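Colleague: Listed below are the residues making up each chain.
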Amino acid sequence: MDYSQFLAMKQEIGLLVVFLLVFLYDTFMPKKAQNSLSAITCIFFGLFTLAGFCPCLSYDANAFSGMYETSAVIVAIKNILNVGVLIVLIQSIKWANSESQIMRRGEFYELLLVTLFGMYLMISARHFLLFVIGLEAASLPLAAMVAFDKKQYESHEAAVKYILTAVFSSAIFLMGLSFVYGLAGTLYFDQLAFAVAIEGSKSVMLIIALIFVIAGIGFKLSLVPFHLWTADVYQGAPTSVTAYLSVISKGAAAFAFFVVMAQVFGAVYSQVWEWMLYALIVLTITIGNLFALRQRNMKRFLAFSSISQAGYIMLGVIANTTGGLGSLMYYILVYIFSNLAAFGVVAAIENATGKVSMDDYNGLYKTNPRLSFAMMLAMFSLAGIPPFAGFFSKFFIFTSAIEQGSIAIYVLVLIALINTIPSLYYYLLVVKAMFINENETPIATFKSSVSERLGLWICVAGIILLGIVSCFYSSLLELTNAM
Amino acid sequence: MDQITSVLILALPLCMFLLLGVFGNKMSHKMAGILGTLGMGVTLILAYSTAFTYFFSGSELFIDAAGNRLQSVVFDHTWLAFTDNLVIKLGFLLDPISAMMLVVITTISFMVHLYSLGYMHGETGFQRYYAFLSLFSFSMLGLVVATNIFQMYIFWELVGASSYLLIGFYYTKPSAVSASKKAFIVTRFADLGFLVGILILSFYTNTFDFVSMTSNPQNVLASTGGAMFMGGSVLTWALVLIFMGGMGKSAMMPLHIWLPDAMEGPTPVSALIHAATMVVAGVFLVARMFPVYLMEVTALEIVTWVGALTALYAAIVACTQVDIKRVLAFSTISQIAFMMVALGVARDTIHEGVGYMASMFHLFTHAMFKALLFLGAGALIHAVHSNDYTSMGGLRKYMPITHITFLIGCLAIAGIPPFAGFFSKDEILVAAFENSPLWGIWMTAVAGLTAFYMFRLYYRIFWWNEPDYEHHGHVPHDAPWTMTLPLIILAAVSCVAGFIPFGELVSWNREAYHIHLNIPVAATSVIVAVCAIALATVMYRKENSLPDKVANSVKGLWTAAYNRFYFDELYLFITHKIIFNLVSRPIAWFDRHIIDGSMDMFATLAHKASGAIKGLQSGNIQSYVLIYLMGALLIGVVTVVCVVIL
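If you read the protein sequences in the order shown, they are chains A and B.
For the first sequence, the numbering used here assigns the number 1 to the initial residue and increments by one for each residue that follows.
For the second sequence, the numbering used here assigns the number 484 to the initial residue and increments by one for each residue that follows.
Bear in mind the hints are in silico, worked out from the structure with no lab data behind them.
Please note that a few of the clues may not be correct.
What the hints assert, rightly or not - Sample of chain A residues facing chain B (criterion: CB under 8 Å; computed from the structure):
hint : residue
1    : Phe117
2    : Lys161
3    : Ile163
4    : Ala195
5    : Glu199
6    : Ile208
7    : Ala215
8    : Pro225
9    : Leu228
10   : Ala267
11   : Tyr269
12   : Ser270
13   : Leu290
14   : Ser470
15   : Phe472
16   : Ser474
What the hints assert, rightly or not - Calculated pairs, DSBU-like style, for lysine-lysine (alpha carbon to alpha carbon, straight line, at most 35 Å):
hint : chain 1 : residue 1 : chain 2 : residue 2
17   : A       : Lys432    : B       : Lys1097
18   : A       : Lys10     : A       : Lys32
19   : B       : Lys656    : A       : Lys355
20   : B       : Lys880    : A       : Lys432
21   : A       : Lys202    : A       : Lys366
22   : B       : Lys513    : B       : Lys880
23   : B       : Lys1060   : B       : Lys656
24   : B       : Lys1091   : B       : Lys656
25   : B       : Lys509    : A       : Lys432
26   : A       : Lys355    : A       : Lys432
27   : A       : Lys366    : B       : Lys572
28   : A       : Lys355    : B       : Lys1091
29   : A       : Lys151    : A       : Lys10
30   : A       : Lys150    : B       : Lys572
31   : A       : Lys150    : A       : Lys202
32   : A       : Lys447    : B       : Lys1025
33   : A       : Lys366    : A       : Lys10
34   : A       : Lys366    : A       : Lys32
35   : B       : Lys1091   : A       : Lys432
36   : A       : Lys366    : B       : Lys1060
37   : A       : Lys202    : A       : Lys32
38   : B       : Lys656    : B       : Lys572
39   : B       : Lys572    : A       : Lys355
40   : A       : Lys366    : B       : Lys1038
This structure is a prediction, so every number in the text was calculated from the model and none was measured.
All C-beta atoms, glycine included, are put in the ideal place defined by N, C-alpha and C.
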């Protein structure tokens, strides 16, 4: 075996090094030094994130006879995820150092890094075996993270729901894969693409395999009707874990989904999966919105909002072009900043007061103007109000879908556009609660910790700058177009 | 020109705005004022060096072997690429008029920054005031260096917004609030025309870029393919609509109504925005697009008519106003109209397009002496605490510096040699005569009126009868040095600016040419001006009953002019009586019942639907998994049926 091919996996190796350092620090350092574990993890991971932007990583290579691939685009999506993880790590410092978590925070960081490793594999995999390993590595440790609040009943319930649904969806996914293997006799993406093209769109077996594969990844993306676990899990899990689930896990899955669909099943795009995805997108955006309308618990509310956001992300997949991939990556980037800002505020308030109901947010502006302001920006960005980043990401993903050109897609974009109206309504409900609604006993003024503020400042800067500084989108588009 | 300097010219005021806007409340007044003034001072130096390099370095970037100046795009950054055709760029275009505007804007802005240290001393919101001044300077600089119409439009709106903020600076005063609202609405209304014009033009030419449009105006004409719309060519429509944006900003009739009210803002702001810089944006816009305007003479004729009517109207109204700032406001409208007329009568075939040069020359000199007059008025108001000349009089003894500098300003605007206004106005009159004797005589008459109302104002303030100042508690005196220094500098500039060989620097096709005085035209205009001043002297030097007699003898005209020919009342009538009743009310009804009604219906439906499907989210994991599987199978089966069987 040629061991030099491991060198293609520089980012995975880097991540493993970070993981090992954190693990060793956690295990062997004296108790006194343990207090700085959170900071150490953030610093290590921050350095690793920075190193990811080194241009020397951006080259095309593959390993293990084509099972693993890296390229400039793949490095870029990993960097985007890294930035998101870094923000999650910074935001979670206060929670991880709280009385109830202090014994276990080492595991939190280790599990988190392991799932990220799994996502890396999913993104880079060009063989379904490696893909499944990645998928599982990204799913199973998450169940442990969801169950992190040991003393909370909801946390347990959420973990059980999560693991059961995950196992079920894995089974469905593997069944789909076995059909695929049965058809083609291989699991390499490039060889499968040939086999799919030969098989053609009239094959019942292929269609069933396809819907099972979509359902398997659709679980991670919480596409309707594979989404039902989402709200319960988001609500029950610790807020930092929810934040991680809703942006990082979703972002990685969206990218991997695009790769699988375009590279493996590209040949049956217009006959088969365009229509499957079409139905899923309409369902996801609409049902996500309809449920979000009536939520009063902030975490549940954000769960449904993130379901409908996933529907918008899928517009980049249905475009099935390099431009679509560029818009999808940009959408993920913007979504990371906007959603993490929202979760950052929710977490800060929960850590300080334990309140998560929207009614508790009434009159927040009077007592905590800065937090309200950050939340308002997050809501504006998620709703797609210009000039914030969310407007541009929606605009570009709509444009890339429309460029595909068929009337049906125009109708789809129209449906998505109409759906922005109820979404505007429920996002603004939060803003209204904070700024307009009166409250006799508003949440008292509190000072959030340095780490929480730092995380929010980063997010706010991203929301404001990612849109109006145009080089982010154009450089992503340049990368994907060069593919 | 290196890019860093040009970026800094824009970035410095912007940074000052952010700095003072965000952290201003934590600074002392003094600190904020000095910071803002220093920032502007550095911008001034950078702008001067840029303009100097452009005009005098002789670099082949800026001037070719034949002595023609070139348009130099220092940088042009693609900001937003929405689609392949819809690309918004931000850049820095250096050519004679933008270099000249850099000098004008930074000079006046710096003077106003300095002056405001004294004038705004102790006002609440002092830091906010300086932040807004910086924002305005940034927007105006961005406007003049724009490389494309879209960038200009963005900065155009920013200028409008910062003007709104500054007019409404005293936001506790209802009159200031309504004035700022009025200014914003009127100019926004005009900008609607601007935007439509931009869209028409770019639809045909597929470009927003100034350089490519103005270097080959024939292509612009050809690209429209002779399309017609309602009796005019499409290009004429586009240009007239773009000019409409200019009419709003430059307060041309009938969109002038906001400018007199805008005097509610602090006086230095009036000097900066409503006399020297923002209000000439419309003139600048037409000048920027001038080669394209030359393709459609009809559009230029409209510009001339609007300008000439406005000039006459504003000059007549200025003769009757009592509030000194309003006199200056109408005088500004009238003088900007002069510039518009100069552009309107300019033709490439007549006298090397002298009107264009004259217009820019007058823009330059007018900025200097009108800022001087406004800052002088500010000093007077500061001393007397009133805007009315009725509470002034005989002030020459108490405020000698203000008196001398104000007199220089009046002489300059009246067109008395050797002050600056004489030279630029002379060129405008030459251009008007060369186009048609009608415009020549018309504008000479307006110039006479200008001399009359300015000296009427001068005599009423500094001579006439002295009210009992001691009775009012304090005797007026000259302002502190921060306020008088700008007056002295601007007065000095107003004395010498006329001798600048402007034709060598700025011309419509950027070829240098030599200005020479046209003796008959110059002599006529000077004689008219001197007669008008003599008349003003007779009427207003000492308190007498002559003005009242004159006013009574033409009572109808006088009252109408005093009420600004009822333009505001006309607007109120149209908006309140006609638009509100006939248009707004039915629309409001439709909105309330039909639109809101159907929206309410949708909202109810959405809530009902939301309630109907809430059973899906039962919390029961078995049902979750069942729906998961059934959903997948359903989609699979439907696809099989549709693709394979059908």
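Colleague: Determine for every hint whether it applies to the structure shown.
Modeller: Quick rundown of the hints versus the structure:
no.	hint	in the structure
1	Phe117	violated (27 Å)
2	Lys161	holds (5 Å)
3	Ile163	violated (10 Å)
4	Ala195	violated (18 Å)
5	Glu199	violated (12 Å)
6	Ile208	holds (5 Å)
7	Ala215	holds (4 Å)
8	Pro225	holds (3 Å)
9	Leu228	holds (4 Å)
10	Ala267	violated (13 Å)
11	Tyr269	violated (12 Å)
12	Ser270	violated (11 Å)
13	Leu290	holds (4 Å)
14	Ser470	holds (5 Å)
15	Phe472	violated (11 Å)
16	Ser474	holds (6 Å)
17	A:Lys432 / B:Lys1097	holds (25 Å)
18	A:Lys10 / A:Lys32	holds (33 Å)
19	B:Lys656 / A:Lys355	violated (43 Å)
20	B:Lys880 / A:Lys432	violated (61 Å)
21	A:Lys202 / A:Lys366	violated (62 Å)
22	B:Lys513 / B:Lys880	holds (32 Å)
23	B:Lys1060 / B:Lys656	holds (27 Å)
24	B:Lys1091 / B:Lys656	violated (49 Å)
25	B:Lys509 / A:Lys432	holds (30 Å)
26	A:Lys355 / A:Lys432	holds (18 Å)
27	A:Lys366 / B:Lys572	violated (41 Å)
28	A:Lys355 / B:Lys1091	holds (29 Å)
29	A:Lys151 / A:Lys10	violated (39 Å)
30	A:Lys150 / B:Lys572	violated (55 Å)
31	A:Lys150 / A:Lys202	violated (51 Å)
32	A:Lys447 / B:Lys1025	violated (70 Å)
33	A:Lys366 / A:Lys10	violated (49 Å)
34	A:Lys366 / A:Lys32	violated (40 Å)
35	B:Lys1091 / A:Lys432	holds (23 Å)
36	A:Lys366 / B:Lys1060	violated (42 Å)
37	A:Lys202 / A:Lys32	violated (66 Å)
38	B:Lys656 / B:Lys572	violated (40 Å)
39	B:Lys572 / A:Lys355	violated (47 Å)
40	A:Lys366 / B:Lys1038	violated (59 Å)
Violated hints, in rising order: 1, 3, 4, 5, 10, 11, 12, 15, 19, 20, 21, 24, 27, 29, 30, 31, 32, 33, 34, 36, 37, 38, 39, 40; the structure is consistent with all others.
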